[in-house]
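Protein chains: 2
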Amino acid sequence: MSIPTDRVTVALSDRGYDILIGPGLLGQGSSFDSLQGQGDSSAVVVSNPLVAGLYKHRLLEVLATRYRQVLFVELPDGEAFKNWSSLDLIFEFLLKAHCDRKTVIFALGGGVVGDVAGFAAASYMRGIPFVQIPTTLLAQVDSSVGGKTAINHPLGKNMIGAFYQPLRVIADLDTLDTLPDRELAAGLAEVIKYGPIADNAFLGWIETNFDALWSRDKKALAYAVKRSCEIKAWVVGQDERESGLRAILNFGHTFGHAIEAGMGYGIWLHGEAVGCGMVMAADLSNRLGLIDEAYVDRLTRLIERAKLPIHGPALGADRYLELMRIDKKSEGGEIRFVVIDSPGRASVRPAPDDVVRDVIAAHTA
Amino acid sequence: MSIPTDRVTVALSDRGYDILIGPGLLGQGSSFDSLQGQGDSSAVVVSNPLVAGLYKHRLLEVLATRYRQVLFVELPDGEAFKNWSSLDLIFEFLLKAHCDRKTVIFALGGGVVGDVAGFAAASYMRGIPFVQIPTTLLAQVDSSVGGKTAINHPLGKNMIGAFYQPLRVIADLDTLDTLPDRELAAGLAEVIKYGPIADNAFLGWIETNFDALWSRDKKALAYAVKRSCEIKAWVVGQDERESGLRAILNFGHTFGHAIEAGMGYGIWLHGEAVGCGMVMAADLSNRLGLIDEAYVDRLTRLIERAKLPIHGPALGADRYLELMRIDKKSEGGEIRFVVIDSPGRASVRPAPDDVVRDVIAAHTA
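Quick mapping for you: the protein sequence lines, in order, are chains P and Y.
Each residue of the first sequence is one higher than the last, beginning at 1 in this note's numbering.
Each residue of the second sequence is one higher than the last, beginning at 1001 in this note's numbering.
Isolated chain P (complex conformation) (with noise of 0.2 Å):
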């Protein structure tokens, strides 16, 4: 049975953008028709060695048809190399190669390519056209939907970066493939968080797709990825620079950071660590008394069914608490967390500090 091409339409207030989602669409002519700046201008592919020798042929034969020339540059692979090192090896290829401001950028690889390419892009000539080609579930689901890109600082995660929206987002199941099975299961964190804080029947969907999305079933892979995208794509129609609502997208991800961040980037998957942060925001939400324990219990067997963890390495409370107070979403060093109002809604709030000890003391090893 073949499975059409969905599309889903991010709307922006200045212009919307298209995420296509389908199977073998990298290798598909048509999944390129009408972007801005072909025959006359360069196509640059971003990607990391092991996407590279999986998807990279494919890509540029089919690109060499529609651009005057196709480059290709190689980032080190993995978040460590998330950093301005990888950033200024894309700006030098640029400079190199003489690329202009009609350039245009395609990021092929997972949320590190997705995230230091869009930077790049964003900043090269302040800004040129980038296109996300994302080959993980958690990039197709997050990481290429919504404009943020960023490389890390050693002194903290994701905060340099910009708000800047792709001209495409090119979402080809088919590279779900080769997805390592951890790897499946971080993206399907991303996926089980839309259900508590937009749409709770989406969660029970969830659940009772679950083994057809952990064989890497097409049809229920592209149902999941549009659905997030969906929902995603509605988030940030409101709110592309997180002023507000958009926040809510960072469920779980308050203390997912302070995890990543604790243990040293790299040691858990980004899915992983918000995969367990969901568990403990879930929690405090139950402690704030906005959703009932049951609830609480029904999120943590999903995220244990999908093998991520549901207990947070034992930093202490005293080094979450400080991991959390540079988040991002802390404002005076209050840390803000995002909250289950009721299955379906969420909201950003502060919170005591003896409730986040008495979660954190409930949930790490």
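None of these hints come from the bench; they were simulated from the model.
Ideal Cβ positions, reconstructed from N, Cα and C, are used throughout, including at glycine.
Among the hints, erroneous ones may be present.
[What the hints assert, rightly or not] A short, non-exhaustive set of chain P residues, derived as facing chain Y with CB atoms under 7 Å: (1) Leu-95; (2) Ala-97; (3) His-98; (4) Asp-100; (5) Leu-155; (6) Gly-161; (7) Phe-163; (8) Leu-323; (9) Ile-326; (10) Lys-328; (11) Ser-342.
For this one, chain P is given, so just place chain Y on it according to the hints.
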């Protein structure tokens, strides 16, 4: 006679902001009225040793009555430090001080401080508010208005940056009292520029009032800064991201950038290179049959009167052409020049290499 504060509004699609022009502004509380985020947020002043020595205390005193805390970061002085290290120095300071998204950056200095601090504001946590307090004539009439921020890359000037608008520009004319003559001249280059590209009557006004400007008469300076800002605001309001019209503000800059890069940044001041570049661009306009020789002579005489160079360094035509090909205006390897179509009107277009070579031959020592 007291000089009233002038106000020029930059009208942009999503929001506008004001440029305040007058003597004594940086020490006046009212200059900071109704700026966003007062009371509960931090103010971070970014400056360099020379400017800080003159104006830091006055500014910090005023800000201290309006912000929760006022912090100060010093960058090394000069174009050579308009780079990643200076940017990172700001990031590290902000992160160590736990500065959040409501922190307001105040850029106190010339173009280098404004460009680096502005790009830091654009990319710290994906964007925090900032205010420009330009202390050179060049920054007051050009670099602090219009939202261009950038750092240099070893392979090209202003290659990495963002379009990011300030909350306000505060142009205190008293800061021009301490400006070295050479920097006053460099600023006058950008003032003169607005005549041929947009307002030929203003060119006449500059000629008539040249001695008053040169002796730093406040009333003359107030008008020159105001008219320059009005023209720039009008252009930027129509084309914020330089997709068309805005490029005319780069009159003299294509040749000028080649001079700066070819000599090594910091040998000639930017305004000196632009002064000489305008002579060359005017000559090019004449050779393309657009304006007569008398107008080229008139402009050349005024530039000479401002003690700006009218002959470029002998880099050789090949080197000039090579350097100009990496200009941000070039497209597909074709150099695009800002030319004068008629006195007070400019456009951007390519030019035959042999005509450009003739211009270079005629104007290099």
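Right, here's what the structure says about each hint:
| no. | hint | verdict |
| --- | --- | --- |
| 1 | Leu-95 | holds (4 Å) |
| 2 | Ala-97 | violated (10 Å) |
| 3 | His-98 | holds (6 Å) |
| 4 | Asp-100 | holds (5 Å) |
| 5 | Leu-155 | holds (4 Å) |
| 6 | Gly-161 | holds (5 Å) |
| 7 | Phe-163 | holds (5 Å) |
| 8 | Leu-323 | violated (12 Å) |
| 9 | Ile-326 | holds (6 Å) |
| 10 | Lys-328 | holds (5 Å) |
| 11 | Ser-342 | violated (28 Å) |
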